Amino acid sequence: MKNQFDYVIVGGGVAAATLAKGLLEHKHDTAILILEAGPEIIAKDRRFWWDYITRGERPYTFTYDQKFEADSTGNIDYQTDGVRVKAYGGSTMHWGAWSLRFRPEDFNLFTNTGEGADWPINYEDLETYYNDAESFLSVCGDDRANWVPRSKPYPALPFEWTAADGEMIKAWEQLDVVYQDGDINPGVTKKIKSGKMPIARYRKCMTTGTCKYCPIGGRFNAQYVLDDLKNDSRFINFEIRINAPVHQVNTSSKSKIESVTYTDNLSGKQHTVIGNTVILASGAYNVPKLLRASKNEFWKDGIGNDYDLVGRFVVSHSMLNVVGKAPSNPNGWFQEYDFPTLMSHSYNTKEHQKKGKIFMFKNRTTPNVDIAQLMIDGKTREEIDAMVYGEMTVNIQAFLEEKGKFNNRLEAKPGKDRFGLPQTTVHFSRTEQEMKNANDRLKLLEQIIEKMGLEITSSRIDKPGGHHTTGTARMGTSPENSVTDKFMKVHHTDNLYVCSNATFPTGSAVNPTLTLTAMAFRLVDHFINKQPKINSKTKNVNKRDTIQKFLSGESHKIK
Amino acid sequence: MIGGPVCNENLSAGLIFAEGQHLTYQNKEALWDIFEAIGKNWSNTIYDSNNQRSSWYEMIKAKTENAPNYSGEYVNAIYVLNELYDLYGKEEAFKKLFFESGVDNSAPPTTRLAHCKIYVVNEFIRMQVTAGGFKSWGTKYGGEQAKNYHGFLGGTRYNRIPKVRAYDPDTTNLKNDQE
Ligand SMILES: Cc1cc2nc3c(=O)[nH]c(=O)nc-3n(C[C@H](O)[C@H](O)[C@H](O)COP(=O)(O)OP(=O)(O)OC[C@H]3O[C@@H](n4cnc5c(N)ncnc54)[C@H](O)[C@@H]3O)c2cc1C
Ligand code: SF4
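Line order of the protein sequences matches chains X and S. With the first letter of the first sequence counted as 1, position 380 gets the number 380 in our numbering; the numbers rise by one all the way through. With the first letter of the second sequence counted as 1, position 166 gets the number 166 in our numbering; the numbers rise by one all the way through.
Chain X on its own, in the form it takes in the complex:
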């Protein structure tokens, strides 16, 4: 078995797939090994699909962390169980594929608010890589929406708003964004704008709306990319080993990473493979655990952990949820897709950053009546009619931006999961001010539900969780403030990189994966020794000026 490669990549999710694709397309005979801890779960299988339709079963849920394998401490429960797919393809097996860019202010959170951290790069440094990422994931979006500066149109058309979105859109038209105490310029009001949710369609949908197990591969799944790479005869030195958890990164000096050691879960044997470059693309949970587990004479507290920063600054989103009901639904509306179509960035702007930005959307499953379940329960047509055209429930949701704090830390706890990966514990607390901010933001959503003429039936802040965990090996300008540099190379090493949400110093208010994919493309560029397309921070461009121009609409396109 071959044991020496140009690149050894740990983890087989979207980060790994993007890197492998980029590197192989640049040089076809590049020797790359991907080591994935989990098994392969077949995608696009008709039987799995029928079992999902008829029984609600999804074939990958057995790979999720169980409660005892992933827990949390602190003043707020952090949902770590039932979130991550540990398998070939990673969490893109079940992700929502919402693909949103971070906004310019997300890269300068500390500068703008005095809290959290700045990125060592700017939005401009990533803008062209966002184009690459959108093209790779085939993101469908609305070109008329200029929420963020973009130099290329979306590669595909957006999904339409559904009829059931209409009432919320109308309410938004009538309502103002209310700048609350803690925002810049409290008391100011501006119109709420409606937008169409950008989704990574990858291939054209057949509108079945079973996106948690798509029968035709419409939704992007890293597995499809990895399959294509494996089957491409040009890439003779590309290999993927599944059931192969890596538990140690080995060094021959402080700076030189030599190899990684993994266990073949099927034979129980340990193997060590040499990589000229080693990239940890094993997700924001595993990256810090693997770094800290890799202790040796050069790195007494684990690689990259001389300043005790690995695993710290955990950031996530909490979901804000307000549910309202109407007495009737004369059009018998239900959300006809399995994903949201309506969203708004009106509270996702710099002005709201200090207090915590929110990204609002209509819940992907409301309004809805599970007609089949009512039939199963023996309800007659008349009874079901009464329910379909009767009371209607609508749910507005928002992701709330969080700021990284030193004491919020993710680490290994004793014991391994069934794939041989260390178990997890997350220490996570919120300050009173953060709790208050979250409650204030919730009130904004309540106003919208009330404007729709609905009676509020529930209003709550869901716990944060592993879905969008970022920041556990964050990038920065020095080893004193970060784990990696601006190219995601672990400080003081020559050849160990992290390609993961773990490197994000801030989590924005939107989903992370488009940004991760853009970062992976940027890393590919770095590896193949191209000059990064723009580097505003090193060229000392007056970035805030530029951003101001974008935001004021003076220049909404980057030339």
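It is worth saying that the hints were derived from the structure and are not from the lab. Being a predicted model, the structure only gives us computed values, none of them experimental. Treat each hint with caution, since some may be false.
[Claimed, not checked] Lysine-lysine pairs mimicking DSSO-like chemistry, simulated, CA-CA at most 27 angstroms apart:
#1 96(S) / 379(X)
#2 379(X) / 40(S)
#3 147(S) / 170(X)
#4 140(S) / 379(X)
#5 2(X) / 269(X)
#6 256(X) / 300(X)
#7 135(S) / 44(X)
#8 90(S) / 61(S)
Assemble chain S with the ligands onto chain X, guided by the hints.
Chain S with the ligands in isolation, oriented as in the chain X frame:
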């Protein structure tokens, strides 16, 4: 509980052992009767069930030619149906099975009747709704017919024509100008 000794015979809750069994053409026709009766009893098809037949066959094939094999469940359902037909006549048998079975849909099935309800009838209902049965909703008060549902395989590629009841904004703030 409805039915006689066949329906109420005790069985373990797991999938009925099916090794070596193949469904005959007649078996499939007998099962198709359940599917068709679902559409009729809930007035839940816009044409009749025949336009869903090829999808239904595909599901039966997927469920009987791959593990875990449903053939044993399907044969059991035919035993149950035969007894219900004898006791109540065909039309009434379906009414009893769909609306009065007394089976707890969330408990493990421990009788032949419960196996038939949970593994066959309930799954056929889900299939029926997603294969197009949902389309009969929306029109009651002059509304537009539903076009899509979780699980519905539309069959044509998504393009500019919305495959859902879409919101058509006349006055919407389309431009999303950055504020
Ligand atoms: C329910 C859900 C919905 C989501 N929806 C969206 C969305 O709509 N939009 C969006 O932008 N983001 C979404 N996300 C987030 C998205 O899934 C992640 O950002 C993305 O999958 C991260 O990709 P990754 O390649 O970094 O890691 P992962 O997908 O986690 O892949 C890492 C892989 O590494 C493997 N691994 C871990 N440790 C080791 C080791 N030591 N050795 C070998 N292998 C290892 C794991 O088994 C895993 O397969 C969602 C997440 C969840 C949970
Ligand atoms: S809408 Fe349908 S085709 Fe598109 S991703 Fe979802 S399940 Fe697949």
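So, going through the hints one by one against the coordinates:
| no. | hint | result |
| --- | --- | --- |
| 1 | 96(S) / 379(X) | holds (12 angstroms) |
| 2 | 379(X) / 40(S) | holds (14 angstroms) |
| 3 | 147(S) / 170(X) | holds (23 angstroms) |
| 4 | 140(S) / 379(X) | holds (18 angstroms) |
| 5 | 2(X) / 269(X) | holds (15 angstroms) |
| 6 | 256(X) / 300(X) | holds (15 angstroms) |
| 7 | 135(S) / 44(X) | holds (25 angstroms) |
| 8 | 90(S) / 61(S) | holds (26 angstroms) |
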